[in-house]
Structures are given as structure tokens and as C-alpha cells.
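2 protein chains.
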Amino acid sequence: MTSTKATSTGNSPGNSTPRPQKKAVIIGGGPVGSLAALYFSRSNWDVEVYELRSDPRRCGTQALDKKSINLAISERGLNSLKVIDPLLLEEVMKETVPMTGRCIHPGKNDFRGKGGGESQAYDIHGRFIRSADRGRLNNILLDWIERQPNVKIFFETALKRLDLDKKDAEFEKRSTKETITVHADFFLGSDGAHSQARRFLQRYTLMDYEQVYIDTLWKELEIPPEEGTGGFRIDGNHLHIWPRKDFMFIAIPSPDKTFTCTLFMPERFFDEIGDTGEGLLAFFNRHFPDVIPLIGEEKLVTDYFRNSKLPLISIKCSPYHYKDTCAIVGDAAHAMVPFYGQGMNAGFEDVRVLFEHISAHPDNLSLALSNYSTERKADAHTINDLAMRNYIEMRDNVTSRLYKFRKAAEELMYAYAPWLGVRTLYSYVSFSNVRYSEVVRRVRWQQGVLDRVVKMLTLGWTLGAAVLVRRMMGRRGWAEGGDGWS
Amino acid sequence: MTSTKATSTGNSPGNSTPRPQKKAVIIGGGPVGSLAALYFSRSNWDVEVYELRSDPRRCGTQALDKKSINLAISERGLNSLKVIDPLLLEEVMKETVPMTGRCIHPGKNDFRGKGGGESQAYDIHGRFIRSADRGRLNNILLDWIERQPNVKIFFETALKRLDLDKKDAEFEKRSTKETITVHADFFLGSDGAHSQARRFLQRYTLMDYEQVYIDTLWKELEIPPEEGTGGFRIDGNHLHIWPRKDFMFIAIPSPDKTFTCTLFMPERFFDEIGDTGEGLLAFFNRHFPDVIPLIGEEKLVTDYFRNSKLPLISIKCSPYHYKDTCAIVGDAAHAMVPFYGQGMNAGFEDVRVLFEHISAHPDNLSLALSNYSTERKADAHTINDLAMRNYIEMRDNVTSRLYKFRKAAEELMYAYAPWLGVRTLYSYVSFSNVRYSEVVRRVRWQQGVLDRVVKMLTLGWTLGAAVLVRRMMGRRGWAEGGDGWS
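Top to bottom, those sequences are chains A and B. Each residue of the first sequence is one higher than the last, beginning at 1 in UniProt numbering. Each residue of the second sequence is one higher than the last, beginning at 1 in UniProt numbering.
Any given hint might turn out to be false.
Copies of the same chain are indistinguishable here, so a pair counts whether it falls within one copy or spans any two.
Within a straight-line C-alpha distance of at most 27 Å, the following computed BS3-like cross-link-like pairs (lysine-lysine) qualify [claimed, not checked]: (1) K167 with K316; (2) K309 with K323; (3) K166 with K309; (4) K219 with K23; (5) K309 with K167; (6) K219 with K323; (7) K166 with K177.
Since the hints were derived computationally from the structure, they do not count as laboratory data. Just so you know, these numbers come straight off a predicted model, no measurement behind them.
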């Protein structure tokens, strides 16, 4: 790092004294904040990361933040790691489990069901997404940034005040209640859906803001590894879904051969289960009988009543910045429901895009931030909406015939006529770095063209059929009838 | 009041000891909070009102909160006063100025303009709305509640904490920084668009929330009374509008014969004016030349550069309550843009509706609040949307031909065929107590019927014309041609 610094200041012509280091304060040391710290550090800023929680690497497994759905990482997330350091990408990749498709487990009364699980590949060319453990990923990133000479991390510090005109932040050390005041050139809020940084940002800019809680709550459960072999109990390269129209159960493989499971349901079904083990088992016997032996009756009951049920929030806001002083990234800017597996990917992409704009205008941070805000707003709003739409689709329509037909038609073209440029929405979102907003535009255009092709084919078939009928009629009798047509 | 109390406890059969007084804490002593205090007091609660600002009746005019558009008060607001006390209504009425219609002042290049102002009555039956000074109205209400033996008001107290499970609120006395802890049975948040009560309520309930800033800012100006006579400088019974498509200027009469004026413009026009008196006068000469002599050049320049430009926020949220412990009313629940003149009316109506539900379920406050939340959400969201729509209409379309044609058609029917039950949207909103959501349903239905009537009339005319043509043709020649038709 030091050598990079020397080179970059050496490059500024006629400037013999090195430019004083600029300082960035990052509020929130989760995966997105940590990645941002690395980007700032590599751009030659002094970086300080302030995190509310304690150092996850210093605590036992129990203390780890388990309030988190297993993360899906796909092209956008991976690309944002690769751009800053291919070695980091490699290290992260080792800790992930490839998921090549969804495995659907229909209900026993489901007319579409065949009893067992049914695989739906994510991509006909074999591309796949990856499952990552949020805790492990965070630890890798924290280790990585701690090795940078210009990054400092402060755990257990709560943001209490943010003065964006004076450029001062005030944190409180949670153990000693001591106040730390930090002066910096730039503040980045990466402190999640209930961001304090965003709350302070709102005092400086007129922020449009929307938060919606969906009517579904979630509770985490777990399928342990197989006794004896220690392997996965069900196929370890699929995201397993038990869709039941009004609710669903999903299982995502982890590197430690467990499945992190989530039960998504409106409150009334939790009420229906009540607070007895019998109620719970009766419910699972009715809706997810095949899940019971996977988790084990006792563990199911223990985990269910130990873990709390949690809400799901979707947040949109705009703008994401104030002058040249502050910006927000990740869930702080656009928390979304987890049903497209894009939350962290979008957060990582925020960081990459933010630095693209900073690089484009190295001497005009104000313009860079304003451009970042404008570009990302459009994309974040789009993926928020797509995630919300997927919630309905995963819960309900995932096994419908129309869904399969459309997907098959698009994928057939994608597979056998790649020169047509047709790609599925899922493929664009998960396996490309095309802007989310642009993805939706392309897919809409594509569907318009497909519709026209279908109409033309239908017309073609009708004309073809008419010609055929004429010929047959001709052979049978009309031709014998005389010369009316000749 | 004491007699009422005695009567009501005496009415509960078999209950010899009087029920202990329940205590309501009202956060925010603006017009809506003060009216709520009166409602609670009359329902036999002990009431404490906590207001952030100082007592407006104890300060000079300068200290009065001038950051407020003059208020329009119409049927819903007046009715909510009347329901609780006809004498209060009478006292408020005295302090208002009737506005019988809008007076439109077209621009000099406006092809629709005729030079002078053009009156558009609000109602063909002569119903009108009223202009009220927010400060005076607030003072009347404060005086009124201070006379109740069971109401106490605490000024200069800021809400710092609200524990809705323990039912404790913590206020800070602004002068002494002393903390006051209050235990109560019920907390009502009436502390405006940037409500602290709502912020605390959000910690106890999953609240959907949306805030939008429109691209328009506003700045207050003033037309003084006429020198000598001391009367209004322009017609004092109209709301005057200078619509200029991208921005507008309005003037609302006050009881002291001034007009409270508001310049509504996107930021770029404020930038265009710049920071010199010349810039300002050039702008007014170009767009509002007739306004300059009304305000006076010097006063215009002074006021313009003294008063700050302020944003306009629109807020929707849901729910408005937590269990049987807390509810929000007025701007705290549904701040809206001021373009339908319904903000305070909707806030007053909240209070009336809240108490309708409390009266319907006197022993189940939890159910009453839940019903209030559900009912008011639908209505508040509707009037928020209507206000936003009116913003466009006032700024731009108010003088369009289509607008006038539609309005005239509806009003003609309303005037001459009242048995048709046709009423304009404006009339329903401003001159009735029909639920806002029901108003929109009725008007949509009405428009559907009107559309069909127009189609039938068109068909009728076409048939009539056909018959006419036939007759004319018959007279001219066909009839002479023979007996083909007979």
C-alpha cells in the first residue's frame, strides 16, 4: 500500500509535497461496510470503521449474529470483490457452496406435485449462484481490511451525532459510555436497514423515504448434517423450497453441511401453531411432513420456540448523499425483501459503482456522489420491486405451468439461439453486471419482440394450414370438378 | 364540567365508588392537539398537554410561529368543533374570513387571460370555505381548554422518551433541562409532520411509512391593508391565485385585512431570482407585474430576502395506534401538501372519528383504536392523494377549458337537478362530512354514469338526426317517387 501511495503522489506534476491524506469514516462494519473500507483504503484514503456490535471474530459461535438469512452471492457481488482484489474473491469463493438450481418440494395435495423434490436449474448454461454464511464472509473481509496499514476498526461504538457541515461524528463506546468525536472528510453509512447514518443524513437533505413491512414474518430453523457421514441430508447444491401458496419453507446449504432454513409465514399461521410442541408438529405434519425427519422432532420443537419470529422490511429512499460529505450504501439505502437473493450483491455493487463515479471525478466528490445517487436510485428501486415480485412467485407460482412454459421458451432461445440475444430476467439479474434498471428495460423489449414473433408464427401457421387444407381439398374433389381455378 | 362528571359516574348502575379518572397525555398543543384535549376532557379524562414551543399567547407577535400557511377551514373542521361545543364553533367563526371562490389572475401572455382577475365560485349554492389565522385559532382553543378543570398545559417541553408498555413518557423542560416523567393511560401524538411521538410509536408497531418532498418550495409574503381605509387591497372574499404553470403565487385574506401570500416554486426559479432586489423585481415584473404595487416594491424585497424558502412534505403511514396505549392524529399521521385546504380539517376530523370509535367501545379502547386506524388510513391516504393532484391543477389547469366544462356540467346538474344526486368532488370534500374514501367512490361512480348519459345522448342525437334527414329527404323527392315505403 505504501508504495502505491508514493507512486500516486509522485505522479502529480509540480507538486513536491504529498497531498495530505483524506479521511473516510465508515459507519457499520458488516460485509458492505468492510468492502467499502477496502475500496477507500486502496484509493489511498485513511479509513476508520465504526461498528455497533462486538468483533464477531473474538466471540464464541453463540454470540455470532444469527439474525440473518444465509446470503446468496452471485455475479454482481463476486465482481465487486474481483475488481478490488482477485485474491479476495478467491478467498471468499472457498467459503461458499454452489447452488445450481432450486429444488421444489410440492405439498401432498398439490396436483402439480410428484411427491419428491423437483430440480429447476438456475441457468441452462450451468451458471450458478453461491450460498455464503454471512458471519464467515464478514470475518474474511474484516481480516482483510485489518491488514491494510491505513484502516482502523472500532467495535462496540454507537453513532450518536453526525454534523455533516462541520464534518464531525460522535460515537459512544458501549462499554465505557465514553464519547469519541471524529473529524473526517467523508462519512459512509453502511449500517443496515435501521441506519442511524441515514437518520442523520435526513436532517441535511430533503429525503424521499418509504418503508413497507410485508405481511410475512420469518423464523430461522436448521437441518443438521447427516449423522455418521457428516454430509448434507438433502442435495447440497440446491436451494430447497417448499412452497405452500400462503407461506413457504426454504433450506439453503452452508459450507458446514447444515442447511439454514427459514419459515416464511403471515402472523396468523404462527398463531395457528400456538405455543405447544403438539401444535407445531401437527402443522408440520400437515404441510411439511418430509421436513420433520430432516430436522428431527426434538430439534424442530426446541429451535422453533427458541428463535423469535422477525419482520421483513423493504426500504426505498432518495437521494443517497449530501454534498461531498456523506453517502449511504447497502441496506441503509435500499433494504429489500430477501426473495431475489440480491441484497448483499446490490450492496457490494453500490460500492463498486460509488468508486467508479469517484474515479471519474477525482477532484469533484460532490458531483461524483450526486451521480452515484442518481444512478443507484434507479437500480436499487428496480431490484427492490423485483425482490417483492419474486416473493409472490417463490411462495406460489414457482411451479405453475405458465411460469415453466415462459421460462422454457426463453431458456430454449437463450441456449440454442444465443445470437438472438434473449436472456431470462433471472439470468440478467444473477449472472450479469448489467444495471438492474437496464435489465428490466431489455427484458420488456425482449418480451415485446417475443409476443410479435408468436403472433407472426400463429399467422404463419394459420396460412400454412389454409394452404394445406386447400391442397387436400384439391386432391379430394375440387380438382376433379373442373377448371374453375386454373 | 364537574356536574357532567358526576352525572356520568352516577349513571353506571351498581357502581357506588366513582371510577378512577383515566389520564391522557397529549403530545403537541397545536390546533389539533388542543381540540383533542377538549374531547378527552369532555369524556371525563384527566388531560395533560405537552407542547414544545412557548405559549403563543404570552409572546409578542414577532415570536408567533409564522412558518405556517394560512389555514382554510371548511365543513369537516367546523363540524368537529360543533360536535364538541357549538359555542366554540361560534367563537372560531368570528375570527375567520369567508372565501366564496377562487379569483384567477392570468399571466399577460396567457391566451386564456382577460387581463384582470376572474372569479370561480366554490359552490353554485353559495357555500364557501373560510380562511383562519393559525395563531389566532390556536389561541382560542388554548384559552378554551385552559378553562377546563381537568386539563393542564405544559409549554416548552420536549418529548424525549415514550415507553408504551410501561406507559411512561419523559419530557425535558427546555429552560431548565429538567426531566419530567409522566405516567398515563393513553398517549396521543399531535405533534405535526416531524412528530417525535410517531417516531417512538414506530418502535412498538411495524409501521409502513412514506414521505415525499415535492419539487416545490414556498416562501411567505404579505399584501398589507390599504393605506387610509385599512381595508383589503383586493377582493377580500376570494382566494387569489396567479397560476403560471411551473409555479404560482397565492393570496389568502386574513381577519386583519392583510393577505397572507405564498410563492410556490421549484428551486431553480428561486435560483433564477438570485440574491438581489433587481433580480426579484425583474422576475415579478415578468410574471406577476400586478402583484408589485399590491405589496409595494420595498416591502416585497425586504420580506422576500428575510423569509426563508421552505419545503413541502407529504406523509402517509399506517397503523396510527399501538394497542390501547397510543394513537397519532393530524399531520403526525398524514401531513399533506396544502393544495386542497384540507390539512387542518382532516386533523380535526381525526379527533371526531377517534372519539366516535371510543364512544362505540367505551370498555375496549384497543378495539376502538384499531378501528380508528383502519378507517382513517383509507380516508387520510385519499385526501393526501387529492391534495397532491390539486397541486398540479391549481398550478396549471385551473383555467383550462376542459376543467371549466367538466365543472360547469357537474355544477349545472347539482344546481338544477339536485334529485340526480350529482355533486362535484370539491363540494363533497369541502362541504360535506362524507368519508374522503367514500367521496372518491361516489364521484367515480357518478362520472361513470355521466359518461354513459353522454353516450346515450350522442346516440339519441344521431338517431334524431337520422330521422330528421329522412324526413327532409322525404319532403324533397323520395316521397314523390312513389309508394316504396308505405
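Exercise for the section: Can you give me the call for K167 and K316, within, between, both or neither, at a CA distance of at most 27 Å? Expected result: Classified as within: same-chain Cα gap 26 Å, cross-chain 32 Å, threshold 27 Å.
Exercise for the section: Pop the pair K166 and K309 into one bin, within, between, both or neither, using alpha-carbon distances up to 27 Å. Expected result: between (41 Å within a copy, 23 Å between copies)
Practice task
Check K309 against K323 for me: Cα-Cα at most 27 Å, and say if that holds within a copy, between copies, both or neither.
Solution key: between (39 Å within a copy, 19 Å between copies)
Practice task
State whether the alpha carbon distance between K219 and K323 is at most 27 Å within one copy, between copies, both, or neither.
Solution key: Close across copies (24 Å), not inside one copy (40 Å); limit 27 Å.
Exercise for the section: Up to 27 Å between alpha-carbons, please classify K309 paired with K167: within, between, both or neither. Expected result: Answer is between; shortest inter-copy Cα gap is 25 Å, intra-copy 39 Å.
Handout entry: Within, between, both or neither, where K219 and K23 count as close if Cα-Cα is 27 Å or less
Key = So K219 and K23 fail the 27 Å test inside a copy (40 Å) and across (38 Å) alike.
Practice task
Indicate which option fits the pair K166, K177 if close means a Cα-Cα distance not exceeding 27 Å: within, between, both or neither.
Solution key: For K166 and K177, both the intra-copy (23 Å) and inter-copy (25 Å) Cα distances are at most 27 Å.
In this structure, only the earlier hint numbered 4 is contradicted, and the remaining ones agree with it.
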